[in-house]
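Residue numbers (the UniProt record's numbering), protein chains in the order written: chain A, 1 to 208; chain B, 1 to 262.
These aren't lab readings, by the way, just hints derived from the structure by calculation. It is possible that part of the hints are untrue.
Straight-line Cα separation of at most 30 Å, DSS-like style, residue types lysine-lysine; simulated pairs [as the list claims (entries may be wrong)]:
no., chain 1, residue 1, chain 2, residue 2
1, B, Lys163, A, Lys9
2, B, Lys131, A, Lys36
3, B, Lys132, A, Lys36
4, A, Lys176, A, Lys118
5, B, Lys131, B, Lys89
Covered, in the sense of this in silico footprint (three residues per stretch, anywhere, with C-beta under 8 Å from a C-beta of chain B), are these stretches of chain A [stated by the list, open to error]:
no., region
6, 42-52
7, 140-147
8, 196-202
Cβ atoms here follow ideal geometry from the backbone N, Cα and C, with glycine treated the same way.
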Amino acid sequence: MPQPLNYLKETASQTAGPYVHIGLIPAMAGFDIFEKNFSNVLVTPNTAGQRITLEGKVLDGTGTPLRDVLLEIWQANASGRYNHPADRSAGALEPEFRGWGRAGSDFESGLVTFETIKPGAITDRAGRKCAPHINVWVVARGINIGLNTRLYFSDEEAANAADPVLNLIEQPTRRKTLIATRSERAGKIVYSFTINLQGPEETVFFDV
Amino acid sequence: MNAQAPALRDPRLNRPEPFTPPLGDGGFFQRDRSIHPPAHAPGYKSSVLRSPRQALLSLENSISEITGPVFGHNDLGPLDNDLIRNYAKDGDPVGERIIVHGRVLDETGRGVPNTLVEFWQANAGGRYRHKKDTYLAPIDPNFGGCGRALTDDSGYYYFRTVKPGPYPWRNYVNSWRPAHIHFSVFGSGFAQRLITQMYFEGDPLIPVCPILTTIPDKDALDRLVAPLDLNASSPFDSLAYRFDIVLRGQRSTYFENRTEGN
Numbered sequence: 001m002p003q004p005l006n007y008l009k010e011t012a013s014q015t016a017g018p019y020v021h022i023g024l025i026p027a028m029a030g031f032d033i034f035e036k037n038f039s040n041v042l043v044t045p046n047t048a049g050q051r052i053t054l055e056g057k058v059l060d061g062t063g064t065p066l067r068d069v070l071l072e073i074w075q076a077n078a079s080g081r082y083n084h085p086a087d088r089s090a091g092a093l094e095p096e097f098r099g100w101g102r103a104g105s106d107f108e109s110g111l112v113t114f115e116t117i118k119p120g121a122i123t124d125r126a127g128r129k130c131a132p133h134i135n136v137w138v139v140a141r142g143i144n145i146g147l148n149t150r151l152y153f154s155d156e157e158a159a160n161a162a163d164p165v166l167n168l169i170e171q172p173t174r175r176k177t178l179i180a181t182r183s184e185r186a187g188k189i190v191y192s193f194t195i196n197l198q199g200p201e202e203t204v205f206f207d208v
Numbered sequence: 001m002n003a004q005a006p007a008l009r010d011p012r013l014n015r016p017e018p019f020t021p022p023l024g025d026g027g028f029f030q031r032d033r034s035i036h037p038p039a040h041a042p043g044y045k046s047s048v049l050r051s052p053r054q055a056l057l058s059l060e061n062s063i064s065e066i067t068g069p070v071f072g073h074n075d076l077g078p079l080d081n082d083l084i085r086n087y088a089k090d091g092d093p094v095g096e097r098i099i100v101h102g103r104v105l106d107e108t109g110r111g112v113p114n115t116l117v118e119f120w121q122a123n124a125g126g127r128y129r130h131k132k133d134t135y136l137a138p139i140d141p142n143f144g145g146c147g148r149a150l151t152d153d154s155g156y157y158y159f160r161t162v163k164p165g166p167y168p169w170r171n172y173v174n175s176w177r178p179a180h181i182h183f184s185v186f187g188s189g190f191a192q193r194l195i196t197q198m199y200f201e202g203d204p205l206i207p208v209c210p211i212l213t214t215i216p217d218k219d220a221l222d223r224l225v226a227p228l229d230l231n232a233s234s235p236f237d238s239l240a241y242r243f244d245i246v247l248r249g250q251r252s253t254y255f256e257n258r259t260e261g262n
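Please work from the sequences and hints to get the whole structure.
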């Protein structure tokens with residue numbers, strides 16, 4: 001027998017279940033318990049950058065919106081820098097902008113919204129320019145292990161065309177599943193997205 | 001033999017410098033999906049229409065995956081890790097008082113410090129304080145059922161609660177969840193993000209749970225079962241259960257191997 005490699009094994013994932021709100025967004029479960037709560041609003045009045053609303057739905061294999069899904073997003077600030085010690089890129093750091101938020105879908109419509117800013121482009125460690133994007137994590141009843149995907153922006157066509165991750169997707173038609181569509185509504189900039197869990201339009205999910 | 005060895009073709013090989021291990025790229029160890037439940041697990045019926053069918057696209061970790069949100073004590077309140085007191089209105093909640101404690105580690109065995117752990121559960125009767133839960137067991141007026149903690153420098157966390165009860169759910173007509181506590185853990189990078197559930201040693205519902213048995217690996221399933229930890233109990237007050245959580249390991253890190261400013 002060779003020497004043992006004493007790595008531990010990752011703890012197995014389990015579904016977040018239908019009552020995920022209790023732990024992560026108690027106000028949605030119907031009660032108030034913590035002094036401080038996390039939310040779907042990432043911006044403060046001091047946050048630099050273009051204010052945007054992200055608005056979308058997650059659809060099951062029949063095309064029905066999930067009404068008990070929870071999304072988290074993780075993004076760089078307007079200078080393309082993540083608020084984390086491992087990001088030593090040149091962009092300005094904004095201590096007040098955590099770059100993370102979570103939202104539950106509406107119990108009736110299934111709509112999920114975030115109030116944030118459009119992130120800047122990122123330079124990866126190989127020196128390649130990456131198109132602005134937002135990292136998304138999806139959990140719900142029936143989802144056994146959290147799903148990782150990304151949102152890119154429809155008005156960044158040139159950057160998207162050169163993005164190293166989008167270009168990893170073999171079928172160009174599937175790249176579109178990651179592009180949020182820009183519109184203006186009452187003076188606000190809205191990016192709309194649909195995450196399809198199954199079907200011909202199935203969203204690209206990543207094994208990160 | 002020539003006294004002097006000929007110069008090697010690759011000039012890097014002529015350098016007299018000692019070999020040092022390569023810098024880690026900071027990426028996480030590849031996730032071993034064989035110990036996780038598959039997305040499509042028909043015995044857990046809700047997974048059938050909610051499971052992607054295309055292969056996941058493997059992504060070398062970039063800065064987007066290696067980084068993740070940072071939390072601190074400012075995000076928490078003083079009662080957040082005490083589920084016996086954090087929603088108490090006119091007394092303590094009903095149920096077996098327990099302490100749950102353990103460490104958040106990574107696959108190399110190192111503690112994960114200062115990471116946010118969130119937990120939620122049903123009350124002692126198996127009822128959730130949630131507007132969508134209609135089980136006939138009563139709501140406990142003194143129990144909210146959620147809390148959170150930040151691990152210390154060694155990755156240790158603990159909280160106090162009452163033991164949750166089992167409850168029926170719609171899968172087969174007679175499906176019951178074993179007693180369990182849901183956990184959400186962050187780690188240092190978004191690729192470590194994990195939601196799981198902790199079960200209790202000796203619960204006879206464990207082997208027949210359609211959700212727990214989505215896990216294909218017996219050892220991985222057993223690692224979700226917290227043993228009774230009498231040594232950590234509080235005599236004449238609370239029993240204790242120990243639950244360690246392992247997140248993905250990381251190929252060294254910038255911080256350790258790179259000097260400041262590089």
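We went through each hint and held it up to the structure:
1. Distance check on the hinted pair: Lys163 (chain B) and Lys9 (chain A) sit about 27 Å apart at the alpha-carbon level, within 30 Å; holds.
2. Between Lys131 (chain B) and Lys36 (chain A), the direct Cα distance comes to roughly 21 Å. Compliance with the 30 Å bound is thereby established for this hinted pair.
3. Among the hinted pairs, Lys132 (chain B) with Lys36 (chain A) is consistent with the structure: their alpha-carbon atoms are about 23 Å apart, no more than 30 Å.
4. Taking the CA atoms of Lys176 (chain A) and Lys118 (chain A), the gap is about 19 Å. The hint holds against a cut of 30 Å.
5. For the proposed pair Lys131 (chain B) and Lys89 (chain B), the alpha carbon gap of about 19 Å is at most 30 Å, so the pair holds.
6. Counting residues of the region 42-52 of chain A whose C-beta lies closer than 8 Å to any C-beta of chain B gives 0; at least three are required, and the coverage claim is violated.
7. For the region 140-147 of chain A, the proposed coverage by chain B is satisfied: 8 residues have a C-beta within less than 8 Å of a C-beta in that chain, meeting the threshold of three.
8. Requiring three or more residues with a Cβ within less than 8 Å of a Cβ of chain B, the coverage given for the region 196-202 of chain A holds, as 3 such residues are present.
Checked against the numbered hints given earlier, the structure breaks only hint 6 and satisfies all the rest.
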